[in-house]
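Please work from the sequences and hints to get the whole structure.
Here are the chains, one letter per residue:
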Amino acid sequence: MELSDWQLVEKCQAGDADAFQVLVSRYHQKVFMVILGLMRNREDALEVAQETFFRAYRKIKSFQGGSSFYTWIYRIAVNNAIDAQRKQKRNPLDFHENIEGIFEARNEVANDPFADVHDRELRENMSKAINELTPEHKAVIVLRTIEGMSYKDIGEILGCSEGTVMSRLHYARKKLQEKLRAYL
Amino acid sequence: MSQCDAIQESIGRWLDGELKATDSEAVRSHVEGCLACGAARQRLEKIQTTLGGLLRAQASQLEFAPFWREVRRRIDEKRPWHEELIERVQSQLTAPRLAWAVPAAIILALGFISYAKWPLGGQVSNYASVESIDTHGRSVALLREDETKTTIIWLYQDPEGDNENVEEATKSGPAF
Chain A
86 MELSDWQLVE KCQAGDADAF QVLVSRYHQK VFMVILGLMR NREDALEVAQ
136 ETFFRAYRKI KSFQGGSSFY TWIYRIAVNN AIDAQRKQKR NPLDFHENIE
186 GIFEARNEVA NDPFADVHDR ELRENMSKAI NELTPEHKAV IVLRTIEGMS
236 YKDIGEILGC SEGTVMSRLH YARKKLQEKL RAYL
Chain B
190 MSQCDAIQES IGRWLDGELK ATDSEAVRSH VEGCLACGAA RQRLEKIQTT
240 LGGLLRAQAS QLEFAPFWRE VRRRIDEKRP WHEELIERVQ SQLTAPRLAW
290 AVPAAIILAL GFISYAKWPL GGQVSNYASV ESIDTHGRSV ALLREDETKT
340 TIIWLYQDPE GDNENVEEAT KSGPAF
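Chains as they are written, first to last, in our numbering: chain A, 86 to 269; chain B, 190 to 365.
Please note: incorrect hints may appear among the correct ones.
Restricting the straight-line Cα-Cα distance to at most 30 Å, the calculated cross-link-like pairs of lysine-lysine (DSBU-like) are [what the hints assert, rightly or not]: (1) A:K146 - B:K267; (2) A:K115 - A:K259; (3) A:K172 - B:K267; (4) B:K235 - A:K115; (5) A:K260 - B:K235; (6) A:K259 - A:K213; (7) B:K235 - A:K237; (8) A:K264 - A:K237; (9) A:K259 - B:K235; (10) A:K144 - A:K115; (11) A:K115 - A:K264; (12) B:K209 - A:K259; (13) A:K237 - A:K115; (14) A:K96 - B:K267; (15) A:K96 - A:K146; (16) B:K267 - A:K144; (17) A:K213 - A:K115; (18) B:K267 - A:K115; (19) A:K213 - B:K235; (20) B:K209 - A:K260; (21) A:K237 - B:K209; (22) A:K115 - A:K146; (23) A:K172 - A:K146; (24) A:K172 - A:K144; (25) B:K235 - A:K264.
Calculated directly from the structure, the hints in this document are not laboratory data.
This is the structure we're talking about:
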């Protein structure tokens with residue numbers, strides 16, 4: 086029987102690193118996606134994602150289950166990513182680098198050549214448009230996109246009210262629509 | 190504001206399932222019968238699916254084994270004693286409450302000074318407040334003293350804004 090997140094957390098708190106490995110396997114891709122959405126650079130995002138889980142492990146004894154594990158881990162991830170991005174000195178590379186190769190490998194390109202070019206342009210410009218948002222606006226749109234999270238959960242992760250989440254999301258979407266008008 | 194403008198303001202919340210049932214139904218029936226609002230819906234959905242597709246494509250390339258090896262290496266790594274000590278002290282000193290206790294203490298002190306100077310009944314309208322301005326623990330404390338027209342703006346960043354424990358604390362206290 087598959088253990089719940091909380092059961093695994095309790096095992097971790099008792100010093101069971103294998104239980105932590107299961108938690109990492111459940112969330113590493115999603116945490117990586119959130120961080121990548123905030124940071125653009127794949128290598129930096131990978132480093133921050135690993136650091137996120139390392140910090141979570143060190144803090145797990147203080148986790149009391151007042152919120153869900155995923156809310157807690159996303160909060161650590163978002164804070165780490167925003168911090169790392171502010172400290173980042175080297176030029177960020179777009180996270181869409183090599184992305185077309187990935188899409189082709191997954192056979193996700195459109196059959197219609199015109200639509201294919203259009204989608205490719207949209208993807209390229211999407212990553213630029215996202216990067217022009219503030220970290221706070223990026224965070225709401227990425228969390229909403231990846232997990233389909235409620236405003237309440239996003240507010241818990243970001244430490245702000247549901248109203249703030251709603252207005253940030255509205256603003257971020259409006260900005261993206263303006264910047265991507267030609268491709269939507 | 191036209192009906193379409195009002196509806197388009199709500200389409201995002203409707204797609205997110207954050208509208209009340211009655212409002213949701215009103216938006217749905219309008220969007221289904223209106224070309225402009227239907228197009229606005231499609232634009233929002235396209236943004237969502239494109240961004241999601243970009244991120245998922247990258248994450249699908251992430252292999253678990255090397256990822257976990259690196260996390261495990263960090264866990265097992267013996268850290269210098271002073272780093273351990275600093276972390277332990279920080280975890281004791283930066284209890285979540287402190288995030289808002291410091292600006293609150295300043296406001297209390299300013300309030301006390303104001304009260305001592307202008308006791309009850311005086312015709313003064315001083316103003317004091319503390320606001321959290323972002324998710325990184327930055328806060329601004331504001332005091333406006335009416336008689337001398339003095340305004341003090343105090344910016345404060347609590348390192349705890351970055352402390353993952355704060356999230357749990359917000360369950361029982363203000364979201365500072």
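How the hints compare with the structure:
1. At most 30 Å may separate the alpha-carbon atoms for a hinted pair to count; K146 (chain A) and K267 (chain B) meet this at roughly 19 Å.
2. Between the alpha carbons of K115 (chain A) and K259 (chain A) the distance comes to roughly 25 Å, so the proposed pair stays at or under 30 Å and holds.
3. Note on K172 (chain A) and K267 (chain B): the hinted pairing holds, with a Cα-Cα distance of about 25 Å set against a maximum of 30 Å.
4. The hinted pair formed by K235 (chain B) and K115 (chain A) meets the criterion: a straight-line CA distance of about 20 Å does not exceed 30 Å.
5. With a C-alpha separation of about 14 Å, the suggested pair K260 (chain A) and K235 (chain B) falls inside the 30 Å cut-off, and the hint holds.
6. At most 30 Å may separate the alpha-carbon atoms for a hinted pair to count; K259 (chain A) and K213 (chain A) meet this at roughly 15 Å.
7. Proposed proximity of K235 (chain B) and K237 (chain A) is supported: the alpha carbons are some 24 Å apart, at most 30 Å.
8. Of the supplied pair hints, the one linking K264 (chain A) and K237 (chain A) holds, its CA atoms being roughly 28 Å apart against a limit of 30 Å.
9. This hinted pair checks out: K259 (chain A) and K235 (chain B) have alpha carbons roughly 13 Å apart, not beyond 30 Å.
10. Straight-line distance between C-alpha atoms of K144 (chain A) and K115 (chain A) comes to about 20 Å, which keeps the hinted pair within the 30 Å bound.
11. Straight-line distance between C-alpha atoms of K115 (chain A) and K264 (chain A) comes to about 26 Å, which keeps the hinted pair within the 30 Å bound.
12. For the hint linking K209 (chain B) to K259 (chain A), the alpha-carbon distance of about 22 Å falls within 30 Å, and the restraint holds.
13. Between K237 (chain A) and K115 (chain A), the direct Cα distance comes to roughly 19 Å. Compliance with the 30 Å bound is thereby established for this hinted pair.
14. Taken as a hint, the K96 (chain A) and K267 (chain B) pair is honoured in the structure, with Cα atoms around 22 Å apart against an allowance of 30 Å.
15. For the hint linking K96 (chain A) to K146 (chain A), the alpha-carbon distance of about 10 Å falls within 30 Å, and the restraint holds.
16. Taken as a hint, the K267 (chain B) and K144 (chain A) pair is honoured in the structure, with Cα atoms around 16 Å apart against an allowance of 30 Å.
17. Restraint check: the Cα-Cα separation between K213 (chain A) and K115 (chain A) comes to about 21 Å, which is no more than 30 Å; the hinted pair holds.
18. Restraint check for K267 (chain B) and K115 (chain A): the C-alpha separation of about 28 Å stays at or below 30 Å, so the hint holds.
19. Simply put, K213 (chain A) and K235 (chain B) have alpha-carbon atoms about 16 Å apart, close enough for the 30 Å limit, and the pair holds.
20. This hinted pair checks out: K209 (chain B) and K260 (chain A) have alpha carbons roughly 26 Å apart, not beyond 30 Å.
21. Taking the CA atoms of K237 (chain A) and K209 (chain B), the gap is near 15 Å; set against the 30 Å cutoff, the hint holds.
22. For the hint pairing K115 (chain A) with K146 (chain A), the CA-to-CA distance comes to about 23 Å; that is within 30 Å, so the pair holds.
23. With a CA separation close to 28 Å, the supplied pair K172 (chain A) and K146 (chain A) stays within the 30 Å bound.
24. Our distance criterion of 30 Å between C-alpha atoms is met by K172 (chain A) and K144 (chain A), whose separation comes to about 23 Å.
25. Our distance criterion of 30 Å between C-alpha atoms is met by K235 (chain B) and K264 (chain A), whose separation comes to about 13 Å.
Hint check: no violations occur; every hint is consistent with the structure.
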